[in-house]
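**Q** Chain by chain, the residues run as shown.
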Amino acid sequence: MTGATFDRLAFEQTLDDVGAMLGDLWAVDEALKLADANHIRASGDAPVSPYARVGVDIGRHYPFRESVYIVYPEGEEPAGPFGSGGDLDKWEGSQAVVDQLAETGRDWGRGVAESIRSAVQRLVRPVPQTFQEAVELMRTDVINPLTTLVGDDFAMLSSHLSDWEGGAADQFADYFYNQVEIGVRNQAFAAESVCVGLAGSKAIVHLGQHSLMGLVLSAKEVLEGQLKQRQAEHQPHEMGTSDWLLLGATFLALVAAIPTGGGSLSIAAAGVAAAGATSALLEFGASQVEDGETSTFEALTAEDAQSQLFDRLGDITERVRRHWDDLEATMSELRGLITEVDSQHLLYPRRPRLADGDVSPGGFHHESQPA
Amino acid sequence: MGKDPDQPGYEASHDPGDPRPVGSGTEFGADLYALYRAGRVHFPEKAILYSQLTSAVHDFEQRVEFLRSSVGGEFAVSLVESIRSDLHHALRQTAVAMRDTGTALVQISTDYATTDLDATAEFNRLVNGHPGLFDTSTPHVPRPPSGDDPYGTPYEPPSLEAPEAPGWWLTEWMEDQAGGLLDDIEEGIDVGVETVQNWWENR
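Protein chains in written order, with our numbering: chain A, 1 to 371; chain B, 1001 to 1203.
The shape of chain A in the complex, shown without the other chains (with noise of 0.2 Å):
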């Protein structure tokens, strides 16, 4: 499941299963809590009094039937052993007051994963291939034609251009021409950055996802395990654990190894650095899996089931949090080293005076000028 591409659907249907799993296992305790206060399980002793055994069917996902001891008052007792019209309102009564359980049950259910799905709408809207494809697209469409097509001395100039003399033709082969190879690798930096950047928010996402996956099918997996043993025993008897996958413990080193330049203007080396940080991430979840932490789910009550789920929602938001914060604290640093780099000068080549008819023959003559 987690190295797969998160199911949106599924999750949304693995969370509704559990809001109605979470509201009949309420209904089927308190239904069977309420025979117990009542001392009319027919599995208890038989009460004194006049009485009749009818059975009352509980539980929606793994039904029962239970068998309950009707109490009559002196001088009411049925005509026969089962069957006239006061007997069938009174089966009807009871069945009804269980009915009745399971539909407040349901509702419940039903707020507790409304509850849920409006607490996880940020991790759940956003698609990581979203993510992926705009790497994918900045590297095919920007990063691999700037670095292959714009080469080192592009206009065949360099042998030339020693021949110039003067302030502008200085100007030209010295801040523009020959600048123009650390502009073109501090660009394709700068565009491994956006793709670090957003490899890193696809890593965080598919974390989430499928650390939320993981906690709704355990959920589900615990509810439906209780559910069944209720449909055995007719009672609680033991807590259901699952375990589930809380992955994320490999971001932290993912993004460590983003290259940020450690205060040096020097970047241009660190593209490849970058490049490889950014297919990192890209490939995170689907192959370091193992490297995740793992949680326990636990609960013999939907109670249990419900507090557990807010709690370990709480853990995940609050990883996910802390992987945002990590990023943006990377991203601060690229962002501030692309800034100082493009101030000076070397993100892109100065505007040569040329360009702008800044020309005399005093600023561009060539060696061959007569004295």
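FYI, nobody ran anything at the bench for these hints, they're computed from the structure. Please read these numbers as outputs of a predicted model, since none were measured by experiment. Glycine included, every Cβ here is placed at the ideal spot set by N, Cα and C. Please note that the accuracy of each hint is not assured.
Unchecked claim - Only part of the chain A face toward chain B is listed, based on derived beta-carbon distances under 7 Å:
#, residue
1, G55
2, F131
3, Q132
4, L157
5, A190
6, S193
7, H365
Unchecked claim - Far from chain B, some chain A residues (derived; all Cβ distances over 12 Å):
#, residue
8, E30
9, F64
10, Q308
Claimed, not checked - Computed footprint of chain A on chain B, listed as stretches where at least three residues anywhere in the stretch have a Cβ under 8 Å from a Cβ of chain A:
#, region
11, 1052 to 1059
12, 1064 to 1073
Knowing the structure of chain A, use the given hints to seat chain B on it.
**A** Coordinates of chain B only, in the frame set by chain A:
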């Protein structure tokens, strides 16, 4: 012999009356040719490339904005956008500088080529010796878009809403049908009970 240096067939004309001391001799002519070739061919070629790169990075803004919005406006993605914006500015400045420098190199080289007879001859010899390089007009450099310009290729983002469960419409249809059927059955029972009651009362 062409007079327009941006068109095929151009040749420089020596102007004996031009006294400017900017250079002389065949090497001067060869270096002028190098400037002309750069301005006529290589600089426009790279300016076009940079203009395309600028457009790509400008259009990319739509994706970054969509992605930023999809994660609730995380500041880390805002920083990505600010780097993209810096890159857009750098590429645009390079595109414009390449374009204008190319124009200036053609203008300077052809202007200086008229000042010295030997240089004029060498310049024209080299131009004529590479017809393949100059058999088309100087290419037009598309204007690289600024940040305020419309996008060249609008981005169609995917929906962020939860997908509908497959077959949900079929389920609803079946429920409607079943509901209608139950209504019919209940109505039939009511009619039947009423008929029996009428018969009982009137027997």
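**Q** Which of the listed hints are not met by the structure?
**A** Those not satisfied are hints 1 and 3.
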